[in-house]
Amino acid sequence: MSSNLDAGPAEQPQSAVERLHVAGLHAPTDAVLSVRDLHVRFNTENGVVHAVRGVDFDLLPGKTLGIVGESGSGKSVTSLAIMGLLPTTAEISGSVRLKGKELLGLTDKAMCEYRGNELAMVFQDPLSSLTPVYTVGTQIVEALTIHNPTMSKQAKEARAVELLAMVGIPSPKDRLRAFPHEFSGGMRQRVMIAIAIANNPRVLIADEPTTALDVTIQAQVLEVLHTAQEETGAAVVMITHDLGVVAGMADDIMVMYAGKPVETGAVDDIYYNPRMPYTMGLLGAVPRVDVAEKSSLIPIEGMPPNLIHTPTGCSFAPRCPLASDACLDGEPPLAPVPGSTLHHAACIKSGALGGEVDVHDVFSAPPVPVSRFDAIPRGERAVVLQLKDVRKHFPLSKGALLKRRIGTVKAVDGVTFDIREGECFSIVGESGSGKTTTLLEIMEFHKDQDGEVVIGGISNKQAADARTKAAMRRELQMVFQDPTGALDPRFTVYEVLAEPLQNAGMDKQAIKKRIMELMKLVGLQPDHVNRFPNQFSGGQRQRVGIARALAVNPKLVVLDEPVSALDVSVQAGVINLLDKLRAELGLSYLMVAHDLSVVRHISNRVAVMYLGKIVEIGEVDRVFDNPRHPYTRALLSAIPVPDPHVEQTRERIILRGDLPSPLDAPKGCNFATRCPVFAALPPAKQEKCLTLEPPLEPVAPSAAAQALAAHALPVLDQRFACFFPDGELDEDMLVVHESADHHAP
Amino acid sequence: MTNLNAVDPAAVAQDAHLENADVIIGKNTIIFRRFMRNKTAVAGLAIFLALTVFSFVGGYFTQWDKETIDPFNIGMPPSAEHYLGTSQAGIDLYAMTVEGTRISILIGLIVGLVSVLIAAVYGCTMAYFGGKVDKVMLFILEALIMMPALLVVAVATSGGGEGLKRDLPSWLLLIIVLLVFSWMGTARLIRSLSMSLMQRDYVKAAQYMGVPPRRIVWRHLVPNIGSLLVLDITRGVTGAVLAEVAFSFIGIGIKVPDVSLGVLIGGATSQVQTFPWMFWVPLTVMFLLTGSLAMMNDGLRDAFDPSSSSSGSAKNRRALKSRAKGKSS
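Protein chains in written order, with the working numbering: chain V, 1127 to 1871; chain H, 2 to 330.
Some hints could be false.
[Stated by the list, open to error] Using 25 Å as the maximum straight-line C-alpha spacing, the simulated SDA-like pairs for lysine to any residue come out as follows:
{"id": "1", "chain 1": "V", "residue 1": "Lys1681", "chain 2": "H", "residue 2": "Gln208"}
{"id": "2", "chain 1": "V", "residue 1": "Lys1514", "chain 2": "V", "residue 2": "Val1580"}
{"id": "3", "chain 1": "V", "residue 1": "Lys1595", "chain 2": "H", "residue 2": "Pro214"}
{"id": "4", "chain 1": "V", "residue 1": "Lys1595", "chain 2": "H", "residue 2": "Gly132"}
{"id": "5", "chain 1": "V", "residue 1": "Lys1518", "chain 2": "H", "residue 2": "Met196"}
{"id": "6", "chain 1": "V", "residue 1": "Lys1524", "chain 2": "H", "residue 2": "Gly132"}
{"id": "7", "chain 1": "V", "residue 1": "Lys1518", "chain 2": "H", "residue 2": "Gly211"}
{"id": "8", "chain 1": "H", "residue 1": "Lys205", "chain 2": "V", "residue 2": "Leu1565"}
{"id": "9", "chain 1": "H", "residue 1": "Lys133", "chain 2": "V", "residue 2": "His1572"}
{"id": "10", "chain 1": "H", "residue 1": "Lys133", "chain 2": "V", "residue 2": "Leu1566"}
{"id": "11", "chain 1": "H", "residue 1": "Lys133", "chain 2": "V", "residue 2": "Asp1574"}
{"id": "12", "chain 1": "H", "residue 1": "Lys256", "chain 2": "H", "residue 2": "Thr270"}
{"id": "13", "chain 1": "V", "residue 1": "Lys1634", "chain 2": "H", "residue 2": "Ile217"}
{"id": "14", "chain 1": "V", "residue 1": "Lys1573", "chain 2": "H", "residue 2": "Gly132"}
{"id": "15", "chain 1": "H", "residue 1": "Lys136", "chain 2": "V", "residue 2": "Phe1520"}
{"id": "16", "chain 1": "V", "residue 1": "Lys1681", "chain 2": "V", "residue 2": "Arg1640"}
{"id": "17", "chain 1": "V", "residue 1": "Lys1587", "chain 2": "H", "residue 2": "Lys205"}
{"id": "18", "chain 1": "H", "residue 1": "Lys40", "chain 2": "V", "residue 2": "Glu1171"}
{"id": "19", "chain 1": "H", "residue 1": "Lys205", "chain 2": "V", "residue 2": "Ala1691"}
{"id": "20", "chain 1": "V", "residue 1": "Lys1587", "chain 2": "H", "residue 2": "Gln208"}
{"id": "21", "chain 1": "H", "residue 1": "Lys136", "chain 2": "V", "residue 2": "Arg1531"}
{"id": "22", "chain 1": "V", "residue 1": "Lys1524", "chain 2": "H", "residue 2": "Gly131"}
{"id": "23", "chain 1": "H", "residue 1": "Lys205", "chain 2": "V", "residue 2": "Ser1663"}
{"id": "24", "chain 1": "V", "residue 1": "Lys1587", "chain 2": "H", "residue 2": "Val212"}
[Unchecked claim] Far from chain H, by Cβ distances over 10 Å, these chain V residues were calculated:
{"id": "25", "residue": "Thr1233"}
{"id": "26", "residue": "Phe1309"}
{"id": "27", "residue": "Glu1457"}
{"id": "28", "residue": "Ala1501"}
{"id": "29", "residue": "Thr1534"}
{"id": "30", "residue": "Val1535"}
{"id": "31", "residue": "Thr1542"}
{"id": "32", "residue": "Ser1557"}
{"id": "33", "residue": "Met1642"}
No lab work stands behind these hints, which were simulated from the structure alone.
We treat Cβ as the ideally placed atom computed from N, Cα and C, and that holds for glycine.
Please put together the full structure from these sequences, using the hints given.
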């Protein structure tokens, strides 16, 4: 077999496990799930990939284990191995015991006894994990029928209703007969959780359960997971790359790198006292939504190692700023950190890393770049982009033969803003709020649009002939969300970058020179131009995308979720690059993002959109520190913060339901249906919200501030659209997790 | 921000890593390897190549040709002089088979290749422009699908088109008619595939850069449906060979004095009892031809399919290497 591949305990898997038993390491504890020395290997075109290399953990009932790591670190493979869902070509060794019973080596049929019964899983993509042709009720009942053949039909139905109610689906009885497409993404994920907990599982594995969802929905779903765990007393394995998500939920954290756990411990140990440079880097790479101070993020350079070759030294050493020769000499084992029994780290320097070591010093974070425009007041800078009352309405028609119009979807409804030289303007909001449509309207740029778009002094109304358009295209370029999809897989980097230049009519020699410049500018090696996109990592691909956008020297770059498809460590590098380019080249950015932490880090101004309208706009620190509109407050409170103490004590506004369909948008204030302030208002005031549309008005300085100031205060750069910004919040929508209920033994 | 440009050890290590030939394998190499791993497909390819070579050089191994009548050997079974026997008219069957195979392969290859090319350009254009252009082109396509191909072939090759018949050899005429009726299905498939490609960000990126539509279709769309095109070519070749055989069999395809496998099979059906070799030889060749293509197609599908279960053989190779090492040391 592959015995020559790995030295050490896995050499004869069977005997290794037996040895562990004898040594008492596998002693019967009260753990529901205990994993020992789990190894997974895949046979690929390039060779044998050793995807998981020795994972051990014990999961106690009612506890939550967070598994954190970059993509490719083996998190998901571990969970699939436990569930027995890996393809038969995978080679698994080690031991997985559920309540003392060995699961590895069971046939698929035998595993079915456990799957969905005692072991349940929630997958990442709720859109594809429900069968579209069966009703939601059928699918829940199916899960019940399989493991409870004797249950009566009525009992099953009653249980399904109970489950749907438990995960917070309104009018569950009627919704049983609904099909998956009638639910939104967040609702489908709730249904998935309902199916997973249908048989009161002992262990619930959640593989990135909220990654595909909006922040507000993410907060709802995490809440549901929390209740589900309380109701069933199940142990939860939470797999995620987002350190914020697990901070509030997990009891223990396992950080994985290159298929191996590199640091394990209680949640506080990991967040406040990390002892492995990789964990420190991960924590430093995440921008914080609650911190205004501007400091560069910490990128972890390089890529995770290729697991075809067995690492000879510490697998993180090539990327580690602290690596020394000693690190290359054998892989460090997971050893207890001095002064703690539960906290383990796989680093030979873990002893020296405790206490006051600052991550910024360890990883030598780059200095904060300063743009030449930063010193000039905003009002004196030239306008790069101006939108005046831009609208995009889609007619909605019904009927197969005779189409009749039944309504209008107001995707963008009267958006006005401007962007000045050298500034970054961001639009945030849930999906469906119209941010991307706004971008597309700007990119389309033609005469028949409703509203005026002025790019670098060229208006879409004046002339839209080919020449003006070409001039416009040189002013404005775009960077896409998915770096893989945005690059033609059959083009080399050279061809990708040459396309806009050829189009601009440059000659060959000039193109070559410019491409070399661009490669250096975005921090890629110039000799990589002959490579294909699939030979780069995600972050490098996004750099190529940025280089392509910069090729024709635009003034304004439109960024459509530029980092949401990247790993945190890589994301930090790209954000730093964008920041640097803005400063060095005097670029302006128009960014659309759903990650408010990234927005706060990089933007100067921000607009919050809801159902096609801007509800709050202004300087980023003002809006984030002093949000006036209830929607902004809800958005901000929904963002998880990578800080367990903050996370467990802070107040959260959990919005009810999803974005209403634009069809039945309320007449008055759009947000009234979900508004926490509206819900607490007396009926007389509610009337105003329902009938009148609140205008976008500047924030008036508070009375106290006005009294203090001798002369008139300058108008603050923050405007919002709400009648009762100071109204009380509805108590039902506020959730506070007491740290006590979480850490109770 | 100097550390972005500085050559840091991580980047160098990663570089060495990428340069390491083992890590990145070109897509074509992977496809080739996967194809070669499928023994049936390789056998199919070998048979097909052998048949093609045979059809071109086979004529040199005999002194007879498809027109010369041997008055001393009429309707003779295979012998030393006539390897595969002769027909009722005394024409050497071997010579006719060589000639027929060549015509059949020629028709198959030309129709297979050209129809896929037409389909690719037509389908991509439809998908790219959408709207009215799409509607009109789709209408033309549907109309062609509805048309009774059999009747048109019959009319073009026998009844009408006397002038055409005089100017063109019958095989060329058949190729044209087959071409007209063979690309529609593929074009529809390509249209839907390109429509999904149109949603890709790189097409949007090119549009936002102001790249003209013609360039986008040719540079971004066509190459990206390449794997489908290759599959469709082998399928198209099989289809064309079978269509030729079928049309010639019922007497509306290739006309004597031109020979093809279909003509040979068709002519010999009434004499299976008396001259069995006249029937079985061309039939076997036809089976070898279409069969080898089908075998190849199966392997190609496996090779192109990214979700294919054809997993690497690295383990075996490595095991072999280590065993060899063990022996030598």
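Hints not upheld, ascending by number: Going through the list in order, the structure violates no hint and respects every one.
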